[in-house]
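Please take these sequences and the hints and turn them into a complete structure.
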Amino acid sequence: MKKIFLLAVVVSGLAFGQTKNVTTSDVHWWGYKVAKSEASSHDGTIKVKSGQMTMKGNQLVGGTFVLDMTSINATDLSGEYQQKLNGHLKNGDFFEVEKFPTATFKITSVKKNNDKVYNSLITGNLTVKGKTNSISFPAAVSHDKGVISLVSNKFSFDRQKFDVAYKSTMKDVFVKDDIDMLVKVTAK
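Throughout the sequence shown, residue numbering follows mature numbering (1 follows the signal peptide of the UniProt record, and there is no 0), covering -17 to -1, 1 to 171 in sequence.
Restraint ranges, calculated between C-beta atoms of paired labels, are given here:
#, residue 1, residue 2, range
1, 129, 64, 41 to 47 Å
2, 91, 56, 24 to 30 Å
3, 66, 143, 23 to 29 Å
4, 65, 148, 21 to 27 Å
5, 44, 148, 33 to 39 Å
6, 143, 40, 37 to 43 Å
Here are the computed lysine to aspartate or glutamate pairs in the DMTMM-like style, where the Cα-Cα straight-line distance is at most 20 Å:
#, residue 1, residue 2
7, 159, 146
8, 167, 51
9, 167, 127
10, 89, 9
11, 16, 26
12, 73, 63
13, 159, 76
14, 144, 160
15, 159, 141
16, 167, 98
17, 112, 79
18, 82, 51
19, 171, 127
20, 73, 146
21, 114, 163
22, 137, 161
Think of the hints as simulated: they come from the structure by calculation, not from any bench. The model shown is predicted, which means the values in this text are computed figures rather than measured ones. Just so it is clear, CB atoms sit at the ideal spot from N, CA and C, and this is done for glycine as well.
Now the structure itself:
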């Protein structure tokens, strides 16, 4: 009877997938001023609060990641200027982290990508400030000895689709709509 139960557990794991918890992460962002260039940008990090990736066999089939928006931090500045930018990013000027302390990304599909480095095309629903939109990005996905690794190529999304608008008298004249991101997560 124990063998039948064990076989049922193994088969159900293969049929529905195995979920692994995120153990390490690195989420980096870039925001741009009028001209989208390195000289007119700011960049920083956001911490992953929690996350899971689901494997079916050796293939990534799903996952959910919760970003801690209260951790958004500009890393290209220091001191007073860093504190000011972090304040703008966290308050009503941009992300309103008191009202929306987290953002989420839920994988809806993973397809093979014909790129030798970024072997997968990840599509999912990104929710920021209560607004959800689908985004896609190429990523290198690997699975080795029970550890899943996902490393994205740098990708962009339109912040206006998530109601992330610079609320100043100049509105969005000085800030580009595109936010670039690079994501690295590992789960076991």
